[in-house]
Every structure is written in structure tokens, then in C-alpha cells.
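*Asks:* Residue numbers (this note's numbering), protein chains in the order written: chain A, 1 to 109; chain B, 1001 to 1236.
Since the hints were made in silico from the structure, they are not lab data. Hints are not guaranteed to be accurate.
What the hints assert, rightly or not - Computed beta-carbon distance windows for the label pairs:
| hint | chain 1 | residue 1 | chain 2 | residue 2 | range |
| --- | --- | --- | --- | --- | --- |
| 1 | A | Leu107 | B | Lys1103 | 49 to 57 Å |
| 2 | B | Gly1190 | A | Ala10 | 32 to 40 Å |
| 3 | B | Ser1111 | A | Ala7 | 24 to 32 Å |
| 4 | A | Ala7 | B | Thr1168 | 49 to 57 Å |
| 5 | B | Pro1191 | A | Ala10 | 15 to 23 Å |
| 6 | A | Pro70 | B | Trp1219 | 25 to 33 Å |
Beta carbons: idealized from backbone N, C-alpha and C, even for Gly.
Next come the chains, spelled out residue by residue.
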Amino acid sequence: MMTVRPAMLALFVGMALVTYLPRMLPLVVLSRFRLPPLVLKWLSFVPVSVLAALLAKELLIGKEGLALPPAHPQLLAAIPAFAVAAFTRSLMGTVLAGIAAMALLRLVL
Amino acid sequence: MLATLETTARPSPATFAEGLRAAGPVVLGYLPIGFAFGVLARTTGLTVAEVGLMSLLVYAGSAQFIGTGMIGAAAAAPAIISTTLLVNLRHLLMSTALVPSLKENAAWQNSLLAYGITDETFAVNTAILQGQPASVSFIAGVHVASHSSWIVASVVGALAGQALGDTTAFGLDFALPAMFIGLLMPNMQGPDRKARVVCGIVAAAAAVGALLVRPGADWAIIAATIVAATVGVLFS
Chain A
1 MMTVRPAMLA LFVGMALVTY LPRMLPLVVL SRFRLPPLVL KWLSFVPVSV
51 LAALLAKELL IGKEGLALPP AHPQLLAAIP AFAVAAFTRS LMGTVLAGIA
101 AMALLRLVL
Chain B
1001 MLATLETTAR PSPATFAEGL RAAGPVVLGY LPIGFAFGVL ARTTGLTVAE
1051 VGLMSLLVYA GSAQFIGTGM IGAAAAAPAI ISTTLLVNLR HLLMSTALVP
1101 SLKENAAWQN SLLAYGITDE TFAVNTAILQ GQPASVSFIA GVHVASHSSW
1151 IVASVVGALA GQALGDTTAF GLDFALPAMF IGLLMPNMQG PDRKARVVCG
1201 IVAAAAAVGA LLVRPGADWA IIAATIVAAT VGVLFS
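Okay, chain B solo, but in the shape it has when bound:
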């Protein structure tokens, strides 16, 4: 018994149920944001079923907000899809960072687990795993709980959206910019802090400049991002 305790001094959580429990903070965060997404998506003309389908298939908060915003503005599908790609490129880094913990798993297992990588589940998983090998069941538990709560919250929001009518009076239209602020602040920290601040300023100025010169330009965000990230590399 003592020997077992010693060899597993800091056991990594292993079971699906432990994963579900570890997802608690993520679920708490997804409920209001998913709800806000559902409400807003209804105002851009999506049906309740479409809201649920989007949350099931795409499963990426900021991209879904931006995508529905662009649908509402009657943007073309290629512009919506390329903006989605750019917004979600950040997952490359998270997926790369998870390789040490998951490299022992079968490829099919990792293909399924990859579907559930988000900013929030990544934060929870890496905080708990600390680079140690991860149990597939545990990660699956974290991902299933998080994804389910996102789908349910957005569908409930879509249903409520019909009842609420005009939601701008409740300030719900500010959920998206507020989420950008919440995601931006931690990104300003870390290595190359100065370069990150410069990056942010260049991106903001380029986007606003492009949109003032060409109102409604689909490509403004993509162009501003590419320019600013390049400036960041040169600056650091």
C-alpha cells in the first residue's frame, strides 16, 4: 500500500467522471456566453435548430459570434470561412502544446479529443496535467461536459431570444466585445510583452483604418491580423 502511494505520489486524474468534474469552471463560463450567443444568433435570423447545429459542428465561441455577425451583415461564405480559420488558428498552438501529454494515445483517440480543444478546456487540462501523460477518459470527460454545456446554453439562448425580442436594451450585444477583452488581456502577458502590445495597437489601427477607407470590407480583419502578426515577429 505504501509502495503504491509512493509510486503514484501525484496521480493524474484518470476517469471520465473526474473529467466531468474538472470541467466545472468551464461549464460555468460557457453557460452565460453560450446563452448570449444563442440570443444574438436569433437576432441575425438563424433558426433555433441552426444555432444548435452550429454549436455542435463549429464549437468555437468567438468564431461563432463573428460568423453570425457576418451572416447578419450578409457577408459571402468564403469571407466568413476564412475569418473563422484565422480566428481559430490559435488552436494550432494549443494542440502543439498538448502533444507531450497525448503522444502515447492512438491517432483515432487524439482525432476525437482534438475536436474539444478550446481556450478554456486547454487552460483546465494543462493546469491539471502539467505536461504529464493524460488519460484519454479524463480529457474526454472534460471535453464532453464543456461541449454539451455550450450546445445546451446556446439552444436555450436561442429559445429565449424569441421571447426577449430586442436584446440591445439588456446590453447583450456587448457580450462579444467583452469576450474579446477578456481573451485579449491574458494574451498581452507572457514572453515578448512589448511586441504583443505593439501587435495589438497595429492590428486595431489597421482594422479601423481599412474599415474607414472601405466600409464593410470583409477582408479588413484578416489583413490587419497578418500585418500585425508580422510586425510582432519583426519587433521581437
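Looking at chain A on its own, in the form it has when it is part of the complex:
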């Protein structure tokens, strides 16, 4: 329980490095340079794209391809989460609504 496998340590260091660089480079190195506007524009579309791709995978894809309700209620649980996100803008509210909806759906379906 308290052990750290060497392979995991190596993986975490790799993940930490690629996470730290985008946080650090503009602030420390690039404050004297300017990223080209086209690169900034492209970067501004990365969050939407990566989040939408990940969300679609979570909602629609299971171990055996397409995963739809009722066996996989993810798509239904997303509805209240979307509603809370749209009306409250609260990340915590959205997560709690999603978890509660999922628990309820598992109980009913």
C-alpha cells in the first residue's frame, strides 16, 4: 500500500515534466519573446477540442465499442451535469450533480 513501483515513478516524472513545461515556459523563458498569433489562436482551440474528444469517449465508448443506455447510462447522467454547468458555472456543482445522477441511474436501470 505504501510502496512506489519504479515504473510508476518514472511515468509520473515524465507526466510531471510535460505538465510543468507549458506552465513554466511562457512565464520564465518566453516573457521576452512572443508566440506567433497563429500559434496562440491554435492553442486557444486546444482546450475545447481535447475536452470534447475526451468527453465523447467517456460518454459513448465502452470496452466493447459503442456503449449506450440503459446498459451504459453515462449519456443520461451527462444531461443534469450539462444543465448544472450551464446554469451555475460551478465545477464542483457539476461534478456532484453528475455523480448523484449516475448513482441514481445505476439504482433505477
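Following the hints, put chain B in place on chain A, whose structure we already have.
*Replies:* Below, chain B alone, put in the same frame as chain A:
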């Protein structure tokens, strides 16, 4: 006295303690999400110590959820690391946006402060600073409180995960998609609104399409993101 008040009409918060207090909303948000992460990470076979180490070193919610998901699916390390890079590229924009407030600081100070940039701390810092010069102590306070709460919550979640057993009945497996929804909605706003919606649809369709053609493909998310962001640029 009056003169001092006038020159510091809207003083920026300066102390470490003020930073700790300003982090309150971030801490409140991190406790349930960090807990959910710890619980889920245990189910993919990580030890409690590994969960804590990951939260200490990587410190990026969505990337940690995705990373542990990929570990559970026995993905190769290069695929996990490149997905992490892509998911966290968004920090480039936040770091760039903080330059006006932090450019007077020493490089070593900014190298340390950069470690604590997350969606949430960025939101709190920029809302308070409004582009004014920032005190290093204040930002450090915000970052230390936020990072500590993330580590503690994930370790507590990992410890609880052992006791809870199968967590799907509690709906905790939906914490990750729900967090994606919560992060996606604000990203749909702002300039180029139409292009953002198009981007999202293209990314979702490309990812699902790729995964239906090649089930379990490690590269599906990366490819879908690159294609969709490029479409976004062309569309806007």
C-alpha cells in the same frame, strides 16, 4: 495617512496569509474532486503512496484522471505522457496571460510559481489581480493552499477507496466525465464562439470515429484534438 490611502486606492493583496484565504473556493472544489481521484486511482491498481506522489509531482486533475485510466487500461508510457502533454497544453495560455502581473519577479520565483498554475488557481489569481503587478507571497499562498488540498484529498480518497470497494454503485466513476463537462462549458464561451462549438463537435466525432474503427487506440484523443483545433483556426 490620507495620502497613503489615496496612493493605494485598490491595494493588491500582498501577504502569504491573504493568498491562503483567497484559495478558499479552489480548496473547496479540490476536496471532492481530489477525493474522487484517489478512490478511482486505487481501483486501477495504484498504491496509496503512488496516488500521493502523482498528486505531488503532476498536480493536474484531468491529466491525472486520464493517466490513471490509461494505466488501468495497460496503455504504454509514451502514449500516457503525450496525452498528458496535450491535455495540459492549455496552461501555455494561462502562463502567458500571467506574464504582465509577474514579469517583475526573479526567474527562480516565477519558476516556482509556475508549478501551481491550474485552471482554478489561474481563475482566482486573475480575478483578484486584474493585470496588476502581483506579490510573490500572495500567489505562493494561493498555490500552496490549493496544491496541499489536492494532495491531501487524493490521499484520503485513496485510503477510503480500500474501504469502499466497488465504487461504481456510488456513481464516482462519473466524476471524470462530469469534470470534463464542467470545464468544457466555460470554454465554449468567449471569442470565436461558433468556431469553438464547431471544434467541439469535430473533436467528439473524430475521437468516437477513430475509437470505433480502432478500438482502444491510444492516439485517438491526440489525433482528434490536433484535427479539431486546426479546423477551429480555419473556421474562425
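*Asks:* All the hints need checking, so say for each whether the structure fits it.
*Replies:* Do the hints match the structure? See the list:
Leu107 (chain A) and Lys1103 (chain B) have their C-beta atoms about 54 Å apart, which keeps the hinted 49 to 57 Å range intact. Here the CB-CB span from Gly1190 (chain B) to Ala10 (chain A) is close to 38 Å, well matched to the stated 32 to 40 Å. Range check, Ser1111 (chain B) to Ala7 (chain A): about 28 Å between beta-carbon atoms, so the 24 to 32 Å window is met. At roughly 27 Å, the beta-carbon separation of Ala7 (chain A) and Thr1168 (chain B) lies outside the given 49 to 57 Å, and the hint is violated.
The hinted range of 15 to 23 Å is not satisfied by Pro1191 (chain B) and Ala10 (chain A), whose Cβ atoms lie roughly 40 Å apart. Range check, Pro70 (chain A) to Trp1219 (chain B): Cβ separation about 31 Å, and the 25 to 33 Å hint holds.
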